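Since chain A is already given, all that's left is putting chain B on it; use the hints.
There are 2 protein chains.
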Amino acid sequence: MTPEEFRRAGHAVVDWIADYWATLPERPVTSAAPPGTVVAALPDGPPERGEPVEAVLADLDTLVTPHLTHWQHPGFFGYFPANTSGPSVLGDLVSSGLGVQGMLWATGPACTELETAMLDWLADLLDLPKRFRSAGAGGGVIQDSASSATLVATLVAVHRASGGRWREGGVDRRYRAYTSTQGHSSIEKAARIAGLGADGVRVVEVDPETLAMSPAALRAAVEADRADGVVPTIVVATVGTTSTTAVDPLPEIGAICAEYGIFLHVDAAYAGAATVCPELRSGHAGLEYADSYCFDPHKWLLTGFDCDAFWVADRGELIEALTVLPEYLRNAATESGAVIDYRDWQVPLGRRFRALKLWFVLRWYGVEGLRAHIRSGVALAARFADRVRADDRFELAAPHPYSLVCFRLRADDAVNAELLARVNASGRVHLTHTRVAGRHTLRLAVGSPHTTKAHVDEAWTLLSAAADTLLPH
Amino acid sequence: MTPEEFRRAGHAVVDWIADYWATLPERPVTSAAPPGTVVAALPDGPPERGEPVEAVLADLDTLVTPHLTHWQHPGFFGYFPANTSGPSVLGDLVSSGLGVQGMLWATGPACTELETAMLDWLADLLDLPKRFRSAGAGGGVIQDSASSATLVATLVAVHRASGGRWREGGVDRRYRAYTSTQGHSSIEKAARIAGLGADGVRVVEVDPETLAMSPAALRAAVEADRADGVVPTIVVATVGTTSTTAVDPLPEIGAICAEYGIFLHVDAAYAGAATVCPELRSGHAGLEYADSYCFDPHKWLLTGFDCDAFWVADRGELIEALTVLPEYLRNAATESGAVIDYRDWQVPLGRRFRALKLWFVLRWYGVEGLRAHIRSGVALAARFADRVRADDRFELAAPHPYSLVCFRLRADDAVNAELLARVNASGRVHLTHTRVAGRHTLRLAVGSPHTTKAHVDEAWTLLSAAADTLLPH
Numbered sequence: 066m067t068p069e070e071f072r073r074a075g076h077a078v079v080d081w082i083a084d085y086w087a088t089l090p091e092r093p094v095t096s097a098a099p100p101g102t103v104v105a106a107l108p109d110g111p112p113e114r115g116e117p118v119e120a121v122l123a124d125l126d127t128l129v130t131p132h133l134t135h136w137q138h139p140g141f142f143g144y145f146p147a148n149t150s151g152p153s154v155l156g157d158l159v160s161s162g163l164g165v166q167g168m169l170w171a172t173g174p175a176c177t178e179l180e181t182a183m184l185d186w187l188a189d190l191l192d193l194p195k196r197f198r199s200a201g202a203g204g205g206v207i208q209d210s211a212s213s214a215t216l217v218a219t220l221v222a223v224h225r226a227s228g229g230r231w232r233e234g235g236v237d238r239r240y241r242a243y244t245s246t247q248g249h250s251s252i253e254k255a256a257r258i259a260g261l262g263a264d265g266v267r268v269v270e271v272d273p274e275t276l277a278m279s280p281a282a283l284r285a286a287v288e289a290d291r292a293d294g295v296v297p298t299i300v301v302a303t304v305g306t307t308s309t310t311a312v313d314p315l316p317e318i319g320a321i322c323a324e325y326g327i328f329l330h331v332d333a334a335y336a337g338a339a340t341v342c343p344e345l346r347s348g349h350a351g352l353e354y355a356d357s358y359c360f361d362p363h364k365w366l367l368t369g370f371d372c373d374a375f376w377v378a379d380r381g382e383l384i385e386a387l388t389v390l391p392e393y394l395r396n397a398a399t400e401s402g403a404v405i406d407y408r409d410w411q412v413p414l415g416r417r418f419r420a421l422k423l424w425f426v427l428r429w430y431g432v433e434g435l436r437a438h439i440r441s442g443v444a445l446a447a448r449f450a451d452r453v454r455a456d457d458r459f460e461l462a463a464p465h466p467y468s469l470v471c472f473r474l475r476a477d478d479a480v481n482a483e484l485l486a487r488v489n490a491s492g493r494v495h496l497t498h499t500r501v502a503g504r505h506t507l508r509l510a511v512g513s514p515h516t517t518k519a520h521v522d523e524a525w526t527l528l529s530a531a532a533d534t535l536l537p538h
Numbered sequence: 066m067t068p069e070e071f072r073r074a075g076h077a078v079v080d081w082i083a084d085y086w087a088t089l090p091e092r093p094v095t096s097a098a099p100p101g102t103v104v105a106a107l108p109d110g111p112p113e114r115g116e117p118v119e120a121v122l123a124d125l126d127t128l129v130t131p132h133l134t135h136w137q138h139p140g141f142f143g144y145f146p147a148n149t150s151g152p153s154v155l156g157d158l159v160s161s162g163l164g165v166q167g168m169l170w171a172t173g174p175a176c177t178e179l180e181t182a183m184l185d186w187l188a189d190l191l192d193l194p195k196r197f198r199s200a201g202a203g204g205g206v207i208q209d210s211a212s213s214a215t216l217v218a219t220l221v222a223v224h225r226a227s228g229g230r231w232r233e234g235g236v237d238r239r240y241r242a243y244t245s246t247q248g249h250s251s252i253e254k255a256a257r258i259a260g261l262g263a264d265g266v267r268v269v270e271v272d273p274e275t276l277a278m279s280p281a282a283l284r285a286a287v288e289a290d291r292a293d294g295v296v297p298t299i300v301v302a303t304v305g306t307t308s309t310t311a312v313d314p315l316p317e318i319g320a321i322c323a324e325y326g327i328f329l330h331v332d333a334a335y336a337g338a339a340t341v342c343p344e345l346r347s348g349h350a351g352l353e354y355a356d357s358y359c360f361d362p363h364k365w366l367l368t369g370f371d372c373d374a375f376w377v378a379d380r381g382e383l384i385e386a387l388t389v390l391p392e393y394l395r396n397a398a399t400e401s402g403a404v405i406d407y408r409d410w411q412v413p414l415g416r417r418f419r420a421l422k423l424w425f426v427l428r429w430y431g432v433e434g435l436r437a438h439i440r441s442g443v444a445l446a447a448r449f450a451d452r453v454r455a456d457d458r459f460e461l462a463a464p465h466p467y468s469l470v471c472f473r474l475r476a477d478d479a480v481n482a483e484l485l486a487r488v489n490a491s492g493r494v495h496l497t498h499t500r501v502a503g504r505h506t507l508r509l510a511v512g513s514p515h516t517t518k519a520h521v522d523e524a525w526t527l528l529s530a531a532a533d534t535l536l537p538h
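Going down the list, the sequences are from chains A and B. Quick note on numbering: the first sequence equals residues 66 to 538 in my numbering. Quick note on numbering: the second sequence equals residues 66 to 538 in my numbering.
Accuracy of the hints is not assured; some may be wrong.
[Unchecked claim] For each label pair, taking beta carbons as the anchor points, the in silico distance ranges come out as:
| id | chain 1 | residue 1 | chain 2 | residue 2 | range |
| --- | --- | --- | --- | --- | --- |
| 1 | A | Arg-346 | B | Thr-388 | 32 to 42 Å |
| 2 | A | Arg-238 | B | Asp-522 | 53 to 63 Å |
| 3 | A | Thr-67 | B | Pro-343 | 51 to 61 Å |
| 4 | B | Asp-522 | A | Glu-113 | 47 to 57 Å |
| 5 | B | Gly-110 | A | Ala-455 | 35 to 45 Å |
| 6 | B | Arg-346 | A | Lys-195 | 51 to 61 Å |
| 7 | B | Thr-388 | A | Val-480 | 51 to 61 Å |
| 8 | A | Glu-270 | B | Asp-272 | 28 to 38 Å |
| 9 | A | Ala-403 | B | Ser-529 | 45 to 55 Å |
| 10 | A | Arg-346 | B | Thr-517 | 53 to 63 Å |
| 11 | A | Val-104 | B | Ala-350 | 54 to 64 Å |
| 12 | B | Glu-483 | A | Val-104 | 26 to 36 Å |
Since the hints were derived computationally from the structure, they do not count as laboratory data. All values reported here derive from a predicted model rather than from experimental measurement. Just so it is clear, CB atoms sit at the ideal spot from N, CA and C, and this is done for glycine as well.
Next up, chain A with everything else stripped away, as it sits in the complex:
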């Protein structure tokens, strides 16, 4: 494809996306088609001779978009939203066009340096401790996801706990990771990948009201493990759990980690974005104890997946744990020690120029725009929670400090599951569920910049109407 062919086809694809976004509100949020529908509609193989881009765009409309869950729909309230934005898409388009592979500073100096700068900008925006800035001993890097950030933190923690033997000798003792009963599934997955096994994770009890990790329970677990010859290795504390956005108490947890020499990783995948607003930073109290921290701009900061921002307080320890330097990657810049080679900060070797989408987003919105986006989400969630509170048939299942509301009908699990199924079947909204205190609970997470009062109110109207038909009169 020549540059001129790309120019023409590129305009057509941009127009297609603009049209998709403009028509999103009218589309059903999810597809009702059964598994296998798309595969069955595709040919068995690629064409022998090439086809024009227009043919593929036409098939997008018939084969792909009718069978998607539309994450950018203003009525998408599931999981945590993964909201992108125009400037993010454009930044990523530049990244694709440049086609730079930033494994080393030398393979794309601007790719590496813009990333370092963007992570420093974000550290300022979130008011993270100074130790995470690149000007000191720390620094930030873009991971694909918080799962990978947790894995990297786990590896560095095991390396440290082993006294450095892990690099060569592997897992040679019983190392243990701690998180609360509300911690993300990626924590167990990271422990498994790191060779600690699922048994290498101890799940710590939470306060029954706040669903935040109990420091007393953590201390008891750590002491029991030490007595048992197990090495307490890493605590993953969560600011904004996936289930309910509970906030673990970092001051108390951090003090315990400091006392016992345990690596502290703070997973703020969703809620970290909120701390661009000074009034939403209370969850960061105690963050000065953390050895590493991450949040996902792709969750609530208008940046397309994949973009997890991960910081460490000691980059030397991270690099020592992960570096492998074969001859074919040796170069003068690396040997000088004056540059960052981000390949040593992550699992894969290669990497995209993902800092561009952050740069585009931060400049298009500015600090004010980002704060307005977060505040809008928090206000919409509060508006929805007010509806729930005002209706005796419903109850809130957990606090809602950010933009997620957990709620249920005052009825059994089967009725709540049916409620969820009915409102989702409308095609107008998409909510997901969790369990709180063992009970089936609905989750409404606001995240899209296109979600307005009207969409939240429509969700409430659908829920209320479904409740009318589900509850006895």
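Structure of chain B alone, referenced to chain A:
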């Protein structure tokens, strides 16, 4: 950003990329600026108020592109190229615009099903064994890179070798991975991440001429380990090593793996793409022994990074090793068992809709176009190798079955290092180096669809002229 604002800005960004590509041949391939140049030129933080996209595009021209290594430049011959193409960029643009997160089938049915179909298409194109198709017990998935594919293969292998205890109990014995002295650095990194340690990798000797793994040396290593109580767990065989594109003998290696019950992963990261051409499939002989296989469409198949295609023969074993299912991800489709949830096939939870770029590439080029691209690269490498062969001052350092030529001046390491530095300093081409039999060796890897005879001949002219000044007369 509204859809209409996106439409206008999107056209501008597309034009910017088209102009970048059109002017690439005139740009120096690499930047001469010292470390810190880009960071120093950036402001200390984001603007308070948003800025227009045009301001960012202007800064791209002054801050970013002058300080890149231009991987898409027709004179880029370094590492293995990571070549993209217009249709790949457009497919990725659609992915960014849709903003779908495909962790589960339910979170994007078309995202999952198109990926399954594209991996089946590729399996046909490469003539992979039937066991890797989704219609049987296997199937394919897109990983970010071959590094991650190797890691996943290692995890499944340890799970199998442990008799299933690994999931809960972690690394409980001495498990060992095998690769040749020419195996990629990601194999050691995967072993380290998996908790086997660098000592968990045994590096097997190669044939001194072909640089392919010696089956006799592998057998001896396996038997010595077994006698020592170490569990031979995985062999990573390479089709097209990074250093010289050597091809390990799969029939002999596979038979040893079968005899001792060792998991066989085949890393064809670069050379796998070549097998779209029937005449370049000899390296796949013996592939029926493999438990898993990967290649990178982002290396030599016109698809932008990141796109590694990874297949397993037994998807059940893979899913068993990696799945964790928290309540908030439970859904009817998953429970039915009728769908693929790709989150269980990889390290991270979230995932982009990367199948789109493959779909766009396969349809734009068609089978004929892909084959023409590979054949062009092989022919250009042969043309360059002929120049080397015809000049007594130079020698070839290894066979060149694909599109990489390893060569050197008949002179010492210092002279060859200086030769490399001088031709790269021209700004017209970029080559990298390796060591072959302990000697400094230059690598010229052809990959870009924009690289023509003229660019390869220019590289030769520069090398020859530099040799004139470096060698005694």
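A quick look at each hint next to the structure:
1. Arg-346/A with Thr-388/B: 32 to 42 Å: holds, 36 Å
2. Arg-238/A with Asp-522/B: 53 to 63 Å: holds, 59 Å
3. Thr-67/A with Pro-343/B: 51 to 61 Å: violated, 29 Å
4. Asp-522/B with Glu-113/A: 47 to 57 Å: At 32 Å between Cβs, range violated.
5. Gly-110/B with Ala-455/A: 35 to 45 Å: holds, 42 Å
6. Arg-346/B with Lys-195/A: 51 to 61 Å: holds, 56 Å
7. Thr-388/B with Val-480/A: 51 to 61 Å: violated, 30 Å
8. Glu-270/A with Asp-272/B: 28 to 38 Å: The hint (28 to 38 Å, Cβ to Cβ) is violated, given that Glu-270/A and Asp-272/B are roughly 59 Å apart.
9. Ala-403/A with Ser-529/B: 45 to 55 Å: Given range 45 to 55 Å: violated, Cβ gap about 34 Å.
10. Arg-346/A with Thr-517/B: 53 to 63 Å: About 56 Å separates the Cβ atoms of Arg-346/A and Thr-517/B, which means 53 to 63 Å holds.
11. Val-104/A with Ala-350/B: 54 to 64 Å: Hint violated: Cβ distance 30 Å, outside 54 to 64 Å.
12. Glu-483/B with Val-104/A: 26 to 36 Å: violated, 56 Å
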